[in-house]
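Colleague: So the protein sequences, as listed, match chains B and Y.
Per the working numbering, the first sequence starts with residue 1, numbered consecutively.
Per the working numbering, the second sequence starts with residue 1, numbered consecutively.
A few of these clues could be false.
Claimed, not checked - Calculated cross-link-like contacts (lysine to any residue; reagent style SDA-like; alpha-carbon spacing at most 25 Å): (1) Y:Lys-87 with B:Leu-27; (2) Y:Lys-259 with Y:Leu-127; (3) Y:Lys-208 with Y:Pro-170; (4) Y:Lys-143 with B:Arg-23; (5) Y:Lys-29 with B:Leu-27; (6) Y:Lys-36 with Y:Ser-5; (7) Y:Lys-29 with B:Ala-20.
By construction, these hints were calculated from the structure, which means they are not laboratory data.
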Amino acid sequence: MLNNSTHRNEPAAAPVVPPAAIRLRPLSPNIQIYRPQLTSVLSIANRITGVISSIGTVALVAWLAAAALGPTAYSGFQGEIASVPGQVILAGFTFAFFLHLCAGIRHLVWDTVHGFELRTIYISGWAVVFASILLTVLAWAISLFVIT
Amino acid sequence: MIVESSSQVARATLLKRFPIPSNFGVDPKSRITRGKTWRAPNGAKRTKLFDVYRYDPESSENPRLDRFEVDLDECGPMVLDALFWIKNRVDSTLAFRRSCREGVCGSCAMNMDGTNWLACTRFISDLADPAKIYPLTSRSIIKDLVPELTDLLAQYELIEPWLQTRTREPEKERPQSPEERAQLDGYYECILCFCCTSACPSHWWNPKRFLGPAALLQAWRWLTDSRDEATENRLDALEDSFRLYRCHTILNCTRTCPKGLNPGRAIAEIKRKMVERRG
Numbered sequence: 001m002l003n004n005s006t007h008r009n010e011p012a013a014a015p016v017v018p019p020a021a022i023r024l025r026p027l028s029p030n031i032q033i034y035r036p037q038l039t040s041v042l043s044i045a046n047r048i049t050g051v052i053s054s055i056g057t058v059a060l061v062a063w064l065a066a067a068a069l070g071p072t073a074y075s076g077f078q079g080e081i082a083s084v085p086g087q088v089i090l091a092g093f094t095f096a097f098f099l100h101l102c103a104g105i106r107h108l109v110w111d112t113v114h115g116f117e118l119r120t121i122y123i124s125g126w127a128v129v130f131a132s133i134l135l136t137v138l139a140w141a142i143s144l145f146v147i148t
Numbered sequence: 001m002i003v004e005s006s007s008q009v010a011r012a013t014l015l016k017r018f019p020i021p022s023n024f025g026v027d028p029k030s031r032i033t034r035g036k037t038w039r040a041p042n043g044a045k046r047t048k049l050f051d052v053y054r055y056d057p058e059s060s061e062n063p064r065l066d067r068f069e070v071d072l073d074e075c076g077p078m079v080l081d082a083l084f085w086i087k088n089r090v091d092s093t094l095a096f097r098r099s100c101r102e103g104v105c106g107s108c109a110m111n112m113d114g115t116n117w118l119a120c121t122r123f124i125s126d127l128a129d130p131a132k133i134y135p136l137t138s139r140s141i142i143k144d145l146v147p148e149l150t151d152l153l154a155q156y157e158l159i160e161p162w163l164q165t166r167t168r169e170p171e172k173e174r175p176q177s178p179e180e181r182a183q184l185d186g187y188y189e190c191i192l193c194f195c196c197t198s199a200c201p202s203h204w205w206n207p208k209r210f211l212g213p214a215a216l217l218q219a220w221r222w223l224t225d226s227r228d229e230a231t232e233n234r235l236d237a238l239e240d241s242f243r244l245y246r247c248h249t250i251l252n253c254t255r256t257c258p259k260g261l262n263p264g265r266a267i268a269e270i271k272r273k274m275v276e277r278r279g
């Protein structure tokens with residue numbers, strides 16, 4: 001038996017209902033006033049790009065289904081993608097994919113308990129942003145100019 | 001762009017707040033209204049405007065933002081000095097916690113220009129004009145800048161921040177090598193100001209069930225203490241999908257710690273220990 005560990009053996013106390021004055025207390029603002037910093041912005045961007053990538057995967061399946069359904073369905077799909085809004089959305093999907101990829105690698109490094117000094121957090125954070133922009137541009141350059 | 005230490009104040013800023021409506025998701029009783037403006041006394045040459053969050057528990061009004069014009073020639077360099085100037089010269093009903101005025105007690109933790117820090121170690125010159133002074137983020141407010149901390153202290157108590165041993169107490173001290181003692185560096189210095197926990201978005205969305213960086217940093221402090229023998233029990237207490245694992249390594253905590261500590265790394269160490277013991 002551990003010395004000083006009686007705390008966890010106590011039965012849970014009945015929840016106390018606070019008086020009216022306490023229940024009326026306001027909550028101080030959080031996301032409404034907290035400064036966006038590289039830390040929080042990249043974190044939520046990782047989550048959002050994750051959701052976008054999931055939607056992109058469904059779009060990918062739709063494209064493959066269109067290809068399987070025959071020339072008319074496929075050319076219809078390709079026509080939509082070739083339009084300006086289609087290309088913009090495709091570029092958005094590409095960037096979201098690469099940002100999620102780079103941020104994911106950063107997370108894997110953190111899982112080894114490395115790179116937690118503030119300086120390293122910021123350097124790796126900006127590296128993720130610039131790497132994903134670079135990879136997006138590279139992917140589009142290859143698909144537009146190299147792959148004929 | 002590259003922040004070397006948490007004491008660095010962001011200079012260039014693209015966004016001062018997230019691009020959402022200013023009262024987004026705020027319940028009606030917490031909505032902030034524009035309050036009074038208090039001009040500086042005549043003859044004040046160097047002045048700065050401070051927008052300070054006010055809440056009067058004895059009135060039924062919503063919290064408001066009062067604008068104070070502070071005479072910088074009459075008060076010291078820190079935000080706490082400005083708050084004292086306001087309280088002594090302008091509005092004596094302004095309430096805030098304070099004690100040591102040198103950044104070691106953690107009483108004056110509050111949100112200044114969007115980030116949590118101690119008022120006594122934040123330079124007035126590092127803030128914008130008008131400077132925005134809010135209480136600690138996402139806390140129940142007792143009055144003005146005084147937040148409710150008992151729930152955070154209860155979460156701290158939950159991790160059992162005391163020595164637990166099986167072996168009999170020694171005659172003198174429990175010996176510890178310098179290397180073992182070095183394991184505590186960066187964790188024992190926490191002053192429990194709760195700047196980190198109230199900066200954590202994950203804690204904003206799960207304040208009751210997620211323990212938050214302050215409590216978890218202290219949990220690591222006891223896990224890594226060579227004299228403590230309750231390691232397995234402490235890790236058992238964290239085997240829960242909310243207590244530890246609502247941390248998604250957002251790292252606002254490490255960015256905001258006024259003592260330069262690293263709760264993010266402490267939590268990563270706990271997660272690694274949790275994995276290691278599974279074998």
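Colleague: The structure should be examined with respect to each hint, and the outcome stated for every one.
Modeller: Verification of the supplied hints:
This hinted pair checks out: Lys-87 (chain Y) and Leu-27 (chain B) have alpha carbons roughly 23 Å apart, not beyond 25 Å. For the hint pairing Lys-259 (chain Y) with Leu-127 (chain Y), the CA-to-CA distance comes to about 19 Å; that is within 25 Å, so the pair holds. Distance restraint check for Lys-208 (chain Y) and Pro-170 (chain Y): the Cα-Cα separation of roughly 39 Å exceeds the 25 Å cut-off, and the hinted pair is therefore not satisfied. Among the hinted pairs, Lys-143 (chain Y) with Arg-23 (chain B) is consistent with the structure: their alpha-carbon atoms are about 13 Å apart, no more than 25 Å.
Between Lys-29 (chain Y) and Leu-27 (chain B) the CA atoms are separated by roughly 8 Å; this keeps the pair inside 25 Å, and the hint holds. In summary, the hint linking Lys-36 (chain Y) to Ser-5 (chain Y) is not supported, as the alpha carbons are separated by about 37 Å, beyond the 25 Å threshold. In summary, the hint linking Lys-29 (chain Y) to Ala-20 (chain B) is supported, as the alpha carbons are separated by about 13 Å, within the 25 Å threshold.
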